[in-house]
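Residue numbers (the numbering used here), protein chains in the order written: chain A, 1 to 291; chain B, 1001 to 1280.
Please note: incorrect hints may appear among the correct ones.
[Stated by the list, open to error] Below 30 Å or equal to it, Euclidean Cα-Cα: the simulated DSS-like pairs (lysine-lysine) are:
no., chain 1, residue 1, chain 2, residue 2
1, A, LYS211, A, LYS282
2, A, LYS211, B, LYS1268
3, A, LYS96, A, LYS21
4, A, LYS118, B, LYS1268
5, A, LYS182, A, LYS211
6, A, LYS118, A, LYS198
I should point out that these hints are in silico values taken from the structure, not numbers from a laboratory.
Keep in mind it's a predicted model, so treat the numbers as computed, not measured.
So the chains spell out like this:
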Amino acid sequence: MSAQPATARSYSAVPAQPLRKGGVRIADVVKVYGTSEAGILAVDHCTFDVPPGEITVVVGPSGCGKTTLLNAIAGFHSISSGNIYLDDELLCGPRKLKAQPGPDRIVVFQNGALFPWKTNIENVTFGPIMQGLLSRAEAYEKARDMMADAGLRGIEHNYPGEMSSGVRRRVEIVRALMNDPKILLLDEPYRALDSLTKSVMHEALLEVFYKNRVTIFFITHDLEEAIFLGHRVVIMTTRPCRPKKILDIDIPHPRDYSVLTTKRFREFMDETAAAVHEEALKAFAAGEKER
Amino acid sequence: MAKAFVLRAMSTVGGDDFWRGIASIAVFLIFWEVGSRSQALFGIAFPWISQIPAPSAVLQELVVLVQDPSFWMSALLSTLRVFEGFLAAMVVGIPLGLAMAVSRTFYGITFPVFEVLRPIPPLAWVPASIIFWPTQELSIAFVTFLGAFFTIVINVIGGAQAIDVRYFQAARSMGSSTWDIFCRIILPATLPSIVVGATVGVGITWAVVVAAEMISGGGSAGSVGGAAGGGLGFFIWNSYVGGSYTQIVAGMISIGIAGYLSSAVLRKIGKWLTPWLSQY
């Protein structure tokens, strides 16, 4: 904890409500792409909660519209109707269909969005320096601490292009955490990684989560990943996307990879596999029709 | 990645690629030497190549030329024109390209005109340029400018439009203003394309300046008798008129070397400006 003074400080300042921020409420959200007559319905009256200080994983077939939801929270895209709240504050609603992007909601992108022309530490310090929160020296000090903490010592002055994709993703998560976000929005961040790297990344992410207690909104199409990481798993229907099944995973945290072989984990897998498979089949059929 | 690899291979003196390069040039020179002496050596004149002066003769000519101040004057004149035209093309082309890439309105207004003018070869501008511009020097500089200008603009537009939207989204999330995004995302992300445009552009500039000198500077330099004219293009044209074939080839080679040096300098500067590209 002491290795991350700034992060720890922001939480300890409010002992009355420890570790409780970044809750997102998605209420009856609809998103239509294109015109209302000839549009594509991507999100269909979607309602669910992302509890603060927990990991919520959204599972659905590729292209089902779950990224649309993430983009709406981040403020990259507008919604068509409904409301999204962050800690009871309206992010977007009927009067303001597009939220303002901000450092309280940072996205870690599917293929990574580290700036290739900046070194790793320049990437990590980008947010605080841009917002004028820290001086360059302070930002560098904090960044060095946080990178060392995440096992990324010694690569500060390398360019992201020199690193493996697993390391790049970890640097990107540190870059996100440097902004003290209320919620981290992860859009299939480990999709392009091999399964061995993926398992290492999962444990690294959980470690980050236990240290920072930042709310995490995680999108994936990998059910095993979802159940392993999530406090809550939201299984989406294929497009238009709507929660089909919401599960609270009662496997206690902290978790490590031994969880995968437990009976409870298999039960959750069995319980959800059929639902996910059914949606995947629908998505496949729909995909064939489009051609 | 492939580009970075080539750059590295070329810069290692003594490496495999270095010796391959030496061997390739040597074989080329031997073939040329034997070919141009074919009449004397085999009694048969090889077609085409036997008309060309042998490299040894050209080398002798070059040795004489490098001691001649007027040759250096010609080289300097051409270099200055290339430099002026190229610099003007960068100064006008980069902001224009960025503006076209950033503003859809500006793009809509300017791109059609740009696309109509772009296919016109710079040399087709020579007569109009001589009419429009008050001095011969300015007309040559203008045609040289055009040679690099369109290539640079097209590369800047392409580079800036290809920037991944995620970079903008990430920067926006982390609190960047529009100006920050321009300076810290658009500019560095476009830099590699600017370097490519400049390296290609400077080559075109050499091609254009020599032709422009032949047409305008070369043709009338004697009659005008002023400061205008001269340059390597004029030098080659003059050698042709005077019937000195070794001088023609020596002039051509000088241009080749000058063009190569310009590109090499730009590549070095480009590498220094975009360190993240050569780190793989």
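Worksheet entry | Those earlier numbered hints the structure runs against, lowest number first | The structure conflicts with hints 1, 2, although it agrees with all the remaining ones.
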